[in-house]
Structures are given as structure tokens and as C-alpha cells.
Amino acid sequence: MTSTAQAAGRSPVRRLAGTLHRRPRLRLSLLLTAPLLWLAVLYLGSLAVLFVSAFWTTDSFTSEVVKVWSTDNFHELFTTPVFRQVILRSIGVALAVTALCALIAFPVAFFTARIARPTWRPLLVVAILTPLWASYLVKVYAWRLILSQGGLADWMLEPFGLSGPGFGLPAAVIALTYLWLPYMILPIHTALEQLPDNLLDASADLGGRPARTFRSVVLPMVLPSVAAGSVFTFSLSLGDYITVQIVGGKTQLIGNLVYSNIELNLPMAAALGTVPVVVIVVYLLAMRRTGALSSL
Amino acid sequence: MRLTRTLPAAAAVAVLLAATACGSSDSGGSSSSTGLNPPDLKAQSKLGKTEGQVNLIAWAGYVEDGSNDPKVDWVSDFEKQTGCQVNSKVAASSDEMVKLMKTGQYDAVSASGDASLRLIASGDAAPVNTGLVPNYKNVFSGLKNGGWNSVDGQMYGIPHGRGANLLMYNTEKVTPAPTSWSAVFDDAAAHKGHVTAYDSPIYIADAALYLKSARPELKIKDPYALDQKQFDAAVDLLKKQSANVGEYWSDYLKEISAFKSGDSVIGTTWQVIANLTQDEGAKVKAFVPKEGSTGWSDTWMLSAKAKHPNCAYKWMDWIISPKVNAQVAEYFGEAPANTEACAETSDKSFCDTFHAADEGYWKNIAFWNTPIEQCLDGRTDVKCVPYAKWVQAWTEIKG
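In order, the protein sequences belong to chains A and B. Under this note's numbering, the residue at position 155 of the first sequence is numbered 155, and the numbers go up by one with no gaps. Residues are numbered in this note's numbering as their position in the second sequence, beginning at 1, plus a constant of 296.
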């Protein structure tokens with residue numbers, strides 16, 4: 001039984017193997033068809049559908065999508081002051097979160113990568129990653145409690161005669177910074193860890209003070225990693241709408257506008273949804289110039 | 297029985313064809329945007345055999361099978377008695393309900409007035425033969441043939457219950473006690489940063505209701521029928537209010553936590569939220585201000601594409617049967633629809649607290665309705681601002 005099956009199977013399988021061996025291109029295309037289909041159909045395809053549906057309109061009463069081609073949504077997007085304001089606000093929030101993350105992450109990463117004892121380093125990295133194990137919602141609601149009236153923030157600032165920021169735009173920036181910080185620390189940590197000691201020694205030997213060494217040696221070598229981390233913090237902040245709903249008070253970001261339009265005016269939501277896509281493509285192109293994408 | 301099921305199906309197909317025809321004939325203003333001309337659907341004339349299951353869309357707390365609280369269960373008995381397995385989906389907003397109903401996967405929905413007219417006009421909701429719902433005869437007359445649940449005397453659903461949007465305030469921080477909605481509009485600055493409001497375009501009606509008495513020269517009759525001038529006045533008022541708002545709420549848990557911590561001290565609420573907030577120890581009070589209030593009246597509506605219409609009819613009868621209607625009303629905190637439910641509540645004063653039979657009280661409540669171009673208050677010399685514009689304005693108000 002087995003021997004007959006083998007005898008029958010041998011020649012076609014062998015022939016197939018032979019063909020594949022002789023034709024590397026065929027081999028490659030067979031291997032890549034499935035993942036490329038996934039990328040093209042599911043990923044780029046859904047983006048294309050998003051873009052196309054932004055050109056449709058809705059019936060004003062039943063909010064049924066009417067498939068009539070029009071550029072009204074984009075026209076509205078650029079002419080309505082509130083949309084412009086919200087788009088600028090969202091980009092501002094994303095930039096602020098990115099800057100704060102970079103500022104906080106650098107000293108932390110410097111400590112974990114260069115100052116802490118080598119045996120402790122893996123543990124510290126794990127500690128940085130632990131917040132990522134907890135649910136996003138739990139963390140944001142924790143911030144709601146911290147920032148609420150008479151909460152932890154108020155209590156800690158009270159002795160200084162200050163009060164917490166309350167719910168609003170600053171609260172959203174703080175909570176988002178907390179959420180995405182690990183994504184910034186990790187690439188910087190890796191870059192600092194790989195920084196050769198002898199470069200720092202050489203700088204010192206040539207009379208460079210720590211500040212000068214930092215500016216001329218460390219920073220240029222770590223900057224691509226900061227840029228890589230910023231791709232995460234920027235794009236994650238730009239797309240977020242839940243954090244701002246919970247701690248942002250009445251603040252609206254692009255995500256909130258998409259959410260509030262998605263049920264009644266799907267085409268408008270799609271038009272709004274293309275904004276972050278465009279912004280992030282521009283951001284990625286800018287980051288590519290720093291070499292960040294090769295250190296991702 | 298087969299016939300009764302194919303009729304609505306055929307009607308639904310016809311509606312679909314009409315809708316696609318409308319879509320392709322690029323005439324811009326389709327007929328449905330000028331007024332309420334629901335597609336000509338026929339109500340079922342008699343009940344057939346139950347289908348073994350029913351898919352419902354409901355507000356949180358309307359379809360409880362004991363999984364949230366083992367003591368709160370009116371679904372299991374229904375399943376036992378009718379053999380209809382209940383699958384329910386909780387929707388967070390009227391807009392979500394409309395969207396879900398459009399999928400055609402659901403048999404019935406507990407729609408509020410700001411969803412119901414849209415569902416009727418788009419042909420997603422079928423007319424209901426109230427003769428097939430024995431408990432309907434005991435429904436409060438104030439809930440029958442309302443502008444939000446019927447068209448030309450034809451009911452499009454079975455009333456479930458009603459409630460008012462109340463003004464809630466923190467009794468320690470807001471003194472003297474407010475008596476008017478002006479506390480959240482013209483006098484809101486007194487609590488700058490701690491005012492809250494319901495996060496939905498329909499809240500514009502609350503401002504209109506206040507303007508109705510605060511600025512009589514605007515001649516607002518119905519807060520859901522606003523011409524451009526009246527609408528602009530309401531939007532202006534809300535933009536001014538927005539400067540004093542700490543946060544808008546749509547999630548009732550968020551409002552409870554905000555009133556508990558003191559982040560919000562005054563704003564709109566529902567009776568059930570007020571009760572829960574008091575239970576959690578916060579010093580709050582909720583009442584209907586002197587101008588009256590907006591409110592909601594929910595209706596169980598049948599999908600025009602229902603795959604399980606007989607089970608859905610059974611459900612509509614079950615949910616307003618005296619005992620179940622009392623249970624759901626007490627759990628949710630609203631006035632029941634069935635007159636006999638008041639005898640079945642565990643708290644004997646429940647119906648008094650919620651003014652169930654007090655038609656005078658409900659005269660002051662403007663139930664949520666869907667604003668359309670054709671003014672709902674009967675004016676024909678002007679066009680009213682349709683709901684889509686309300687949605688845009690709401691985005692601008694929040695800024």
C-alpha cells in the first residue's frame with residue numbers, strides 16, 4: 001500500500017520539485033502570492049474602498065448612502081472651520097505626545113541601556129513593557145480617576161497651591177503620552193545599547209565634555225531611533241478617539257468626528273478618515289529622510 | 297402562514313428596488329427628504345407558528361436574561377413559554393439602532409422617537425397590527441398614535457415606556473437649588489467647567505425648549521420643529537453653554553462617576569442615572585424644571601425584513617404584559633406603558649414617582665422626535681432644519 005503510493009507519488013512530486021528548482025521566479029511567485037493578495041486585497045483594498053466611499057453622499061433623512069459621485073465631502077472638509085480646527089488640533093496633539101514621549105524616554109532609555117548593571121537590564125526592559133500587558137481601557141480609566149476632581153493629581157499638587165489639569169486637552173495629551181511611552185523607549189534603548197563604548201572614550205580623549213559628546217556623538221547616532229519611535233507615537237495618537245472621550249472632557253479629535261459621523265453620514269466619515277492616512281504618509285516621508293525607517 | 301411571511305418579504309424587495317432606483321436617478325432631492333411618505337407596507341394580519349428565535353436591538357436594561365444580575369430576568373420565562381430563543385444586541389444610541397436595523401438581521405428594535413420616524417420613512421420598520429398584541433389595549437392612551445410612533449393612525453410599533461430628561465444638580469455645590477433650565481444655559485457660568493450635557497444632536501431640542509419660554513419672540517412651538525432662525529438661536533445658546541461645559545456624557549457610567557467625583561455638578565440626566573448616583577452616595581437631586589423638559593418614549597418596532605416576525609410579535613406582547621412591563625420599568629427607571637403594570641411593581645409608589653398615569657405631567661414633556669424639513673408643528677410657510685443639519689451643528693457646537 002505505502003510502496004504503491006510512493007511509487008505513484010514519486011514521479012510527479014519529483015517533477016514538481018525539479019521544475020521549482022529550475023525556475024526560481026515561479027518558486028518566488030508561488031510563495032508570495034498569498035501574502036501579497038492579503039496585502040493588496042484586504043489592506044490596500046479597504047483603504048481604496050474608504051477613499052472611494054468618501055465621494056458618495058447620504059440621503060439627509062434616512063441617512064442611506066447614495067452612490068452618486070460628488071466631491072462635496074472634501075469641499076466641506078476644507079471649508080468648514082470646525083473640521084480644520086479639529087484636524088489641526090489632532091496633529092498638534094500627536095506632535096505634543098511625540099515630543100513628550102521623546103523627552104521622557106531618552107533619560108529612561110539611557111539609564112536602562114548604559115547606567116544600570118547589565119544583569120538588571122533585561123528586567124528593566126520587561127518593567128517598561130509591563131504596562132502594555134494591561135488593557136488599554138483600564139489604563140485610561142485609571143487616568144480618569146487620577147485626574148478627576150479631588151483625585152491623585154489634585155491631592156499631590158495641593159501642597160504647592162496648584163490643582164490638577166482636570167479633564168481636557170492637557171489630560172488627553174498626558175494619558176496618551178503614558179500609553180505610548182514604551183514604544184518610544186524601546187527603540188532608543190536598543191540604539192543606546194549598541195552605541196560602542198570606544199566612541200565615547202575617543203570623544204573624551206579628544207577633550208570633549210559630556211555635553212559635547214552627547215551633542216556630537218550620542219544624539220546623531222540615536223536620532224534615527226527617536227524618529228522610528230515617533231512613527232509609533234505619532235500615528236497611534238493621531239488615530240486615537242477613546243482616550244480623549246474618557247479624559248478629554250469635551251475635546252474632539254479626528255477620530256471622534258469619524259465616530260460621530262459613521263452612523264449617519266458614512267461618506268463624510270470616510271472623507272475624515274482619509275485625513276490621518278494622508279498626514280501619516282507625509283510624516284513617514286519626512287521620517288524616511290532621517291533614516292528612521294531602516295532602524296525600525 | 298407561508299403567505300404572511302412572503303408578503304412583507306415582497307414588500308421589502310419592492311422597497312429595495314425603489315431605493316436603488318432612487319439612488320441611480322441622480323435627481324438630488326429624493327422624495328423622502330421632503331416629508332414623511334413611508335413605503336406602502338402591509339401589517340401582518342394573523343400570527344403564524346413561532347420561528348424558534350428572535351433577534352432584538354435594545355437599549356441597555358431592556359432585554360435582561362439574568363446574565364447581568366441573576367434577579368433581573370424576564371427573558372427566560374418568555375423563552376420557555378414561546379419557544380423563541382432571544383438574541384439581543386445592546387445599542388448605545390439611536391443612530392446605532394438605525395444603522396443596525398438597516399442590516400436586516402434584526403426582527404425588532406426598542407426605538408426612541410429620534411430614530412422611529414427615520415425607520416418608518418426608510419421602510420426599515422413595518423406597520424404593526426395592534427390586534428395581534430392583546431396587551432396593547434391597556435397601553436396608556438397618551439402613548440398611542442403619537443407623532444413619533446404612528447403615521448396617519450397606523451401604529452408602527454408597540455409603546456414600551458417613557459421618561460423625562462431631568463436636570464440633576466449637586467445639592468452641596470449648587471445653591472440655591474435651581475428651578476429653571478437657565479441654570480445650565482444663561483446662568484451656566486456660575487459653574488464653569490462643571491456643567492454637563494447629553495452628547496447627542498438631539499440635545500439641541502433642550503436648548504430650543506428653554507428658548508421657547510426664555511425668548512418668546514422666537515415663537516418656538518415644538519423644539520423638534522425649528523426653522524433656520526430658531527435653530528440658529530438654539531445653536532448660539534449651546535455654543536455659549538459649551539464654554540462652561542466640563543464634559544458631555546453619552547455613557548451613563550461616565551456621568552455617574554463625574555457627579556460622584558464633583559467633575560460635573562449640574563446637567564441633564566435620566567431618572568435611572570439619578571437613582572444610581574444617589575445609591576452610590578453622591579448628594580444629588582433631579583427634577584423637571586419649570587419650563588418642562590424633553591423626554592423619550594420608546595417603541596418596539598418590527599423590522600420590515602424580519603425573519604422571525606411571529607416571535608417578534610410574541611415579544612412585543614410579552615414586554616408590555618403587566619408583570620414584565622413593571623419589571624423592566626423599575627429596572628430601567630421609566631414610566632411603564634401598560635396601565636396594569638402599576639399594580640405589579642415591587643415599590644407600590646413607583647408609578648407615582650415616575651408619573652406613569654399623570655397625563656398632565658407628560659403634557660410638559662416634549663418627546664424626542666426626528667426633525668424633518670416639513671415642520672412637525674404644522675407650519676407650512678417655512679422649512680424646518682432637518683436632522684442631518686442638527687448633526688453637523690452638534691459637531692460645531694462641541695468645536
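It should be emphasised that the hints constitute simulated quantities derived from the structure, not laboratory data. A portion of the hints provided could be inaccurate.
To be verified - Straight line, CA to CA, 16 Å or less: simulated EDC-like cross-link-like pairs of lysine to aspartate or glutamate:
1) A:K250 to B:D495
2) B:K398 to A:E64
3) B:K398 to A:D154
4) B:K342 to B:D575
5) B:K398 to A:D72
Tested hints:
{"no.": "1", "hint": "A:K250 to B:D495", "result": "holds, 9 Å"}
{"no.": "2", "hint": "B:K398 to A:E64", "result": "holds, 9 Å"}
{"no.": "3", "hint": "B:K398 to A:D154", "result": "violated, 47 Å"}
{"no.": "4", "hint": "B:K342 to B:D575", "result": "violated, 46 Å"}
{"no.": "5", "hint": "B:K398 to A:D72", "result": "violated, 24 Å"}
The earlier numbered hints that this structure contradicts are 3, 4, 5.
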